[in-house]
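Undergrad: Construct the complete structure from the given sequences, taking the supplied hints into account.
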Amino acid sequence: MAIDLATNSKVFLGYALITGALLLLAGLLLGLLRLSGRDVSSPLRTYRGWLIMIPIVLGTLLLGREATIAGVTLLAAFGFREFARATGLYEDWWMTGIVYLAIFALGAVSLMTDPRLGQPGWYGFFMALPTFVIALILLVPVLRNRAQGELQKVALAIFGFIYFGWMFMHLGLFANTANAYGYLLFLIFAVEVNDVAAFTFGKMFGKRKLREHISPNKTLAGSIGAIAVSLLLPWLLWFSFPQFNPALLVLTGLIVGIGGQLGDLVISYIKRDIGIKDMGTTIQGHGGILDRVDSMIFVAPIFFHMVRWFNGAG
Amino acid sequence: MPVMNIWKYHPSPDIGTPIADRLQRFPREPGMLAYAIRSIGALFLRAWMRVYHRLRIDGRENLPASGSYVLVCNHTSHLDTLCLLSAIALRRIHHCFPAAAADYFFTSLPRSAVSSTLINALPFDRRAGGAQSLDLCSRLLREEGNILILFPEGTRTTTGATGRFRSGIGRLAAGNDLDIVPCHLEGGMRAWPKGKLLPRPRRLHLRIGQARNFRQLDTTAESVKAVCKDLQECVSRLAGGRA
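Keeping their order, the protein sequence lines are chains A and B.
Sequential numbering from 0 applies to the first sequence in my numbering.
Sequential numbering from 34 applies to the second sequence in my numbering.
Honestly, the hints are just simulated from the structure, not real lab data.
Honestly, I wouldn't trust all of these hints.
Distance condition first, Cα-Cα at most 30 Å in a straight line; then the derived DSS-like pairs of lysine-lysine [stated by the list, open to error]:
(1) 206(A) with 276(A)
(2) 202(A) with 276(A)
(3) 41(B) with 208(A)
(4) 229(B) with 258(B)
(5) 276(A) with 262(B)
(6) 227(B) with 258(B)
TA: Structure follows, in structure tokens:
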């Protein structure tokens, strides 16, 4: 992964073209709807959010492996920050401090060269790090000699680290693979398309609620439509991973389609349990960082281990 | 079957407010990121003041070691705030709030970001005699260990002479057991005059006077006036080099 590799990579250029074309199409559609007198202020805000996000994501990937891992690390840190501010864990600076340090440690080991294998990215340490971090978090109540309410804080900190840090940051590990652009671009593109598809199909055909006590806006039709689109995408974008056989394409579609929606539902019940609407206000028309990357948290680690199992580290 | 107790969450009170509004809120939610930026910023600020402006500080021993107090100073440039911030112990900067005009320092997102994160400014509403903001200040000072930086002239002077003190400081101080520390900064106008984009490398000299306390006074308009006059004289005396 590097600038010259990206500009010579058919995969990168392909995705840049596809997203550019889709943005243009969506912009034209919104313009037409507006001319026909519909109120498009809400989708327009979401669209503007995309216009800011997509160049940032593509630009970061273009800059190469280090920038990508740094970007994923920052996203994880700010994502955890939103979680901490939502739950009240942010008041406990020891717990949050350890989790931030741990997230940056994950970024560091993703960047390092494996000292024994000589490959980019210290995969073994990345997988082992939660052991030490959990131990450290569990030590905090002991060190400050306090018990009242500590289990809740420890549980929130461990969950926050594992879910928003460790699971999500598997995304950065793709940057160390030979086919980095293919995996990363497909994953980001497919997960977001899956989100949009669920929303669109739900709006058009949705009647039966999917999980009415968690997220009343999600419908069964939206969910099925999204899975259908996600099953189709790996075939359309086969050039991202030409070495995949059809069985792997189906598996990839299922991971993105089902995993993406599960990630969405998980954030939904977390927000509902806390009693807030959005995790933050960072991205115009999208809510917080976690409201945008929620689906990726589930998909990234499962897809990563699928690739690793069937294709090795390459 | 007994039901497990349901966890109680304490979401940050500013959750769901856009970043621009969050920066203008006061009191601010303490955040690790803002504290880190402010601490590092304070170190750079001190270095800059020492090296670029050769800042000399006299009378630092007059700063109360604990408790809440107010610093009042003449106001010739933005450097006044920065010098006073450099005079305060590093561990107290997160509890030190320079009162800054809301209609100047909190008008755009970048300005609000600098004012709230680096300077830790209290957005002071100059309208209606600042009554609302003064309430906020006195509430802040009733808490333990807060420092308020106030420029009683209300705006930067362009003549160099210390202007008339507005009544706000008098209303805060009269009849309250509150230490008011008069300060005077010399050289601010030469180093960074109003209207210039960047400061110039000129010497600065900060003199910190002995704390004043006006708890024996009542809260009538005469006492308020007396407090303002007294403090204005203290600052002017410091300008002449006397404590």
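Undergrad: With reference to the structure, classify each hint as holding or not holding.
TA: Status of each hint after checking the structure:
1. 206(A) with 276(A): 23 Å, holds
2. 202(A) with 276(A): 20 Å, holds
3. 41(B) with 208(A): Holds - the C-alpha atoms of residue 208(A) and residue 41(B) are around 28 Å apart, at most 30 Å.
4. 229(B) with 258(B): Violated - the C-alpha atoms of residue 258(B) and residue 229(B) are around 34 Å apart, more than 30 Å.
5. 276(A) with 262(B): Given pair residue 276(A), residue 262(B) is violated - Cα atoms ~53 Å apart, limit 30 Å.
6. 227(B) with 258(B): 28 Å, holds
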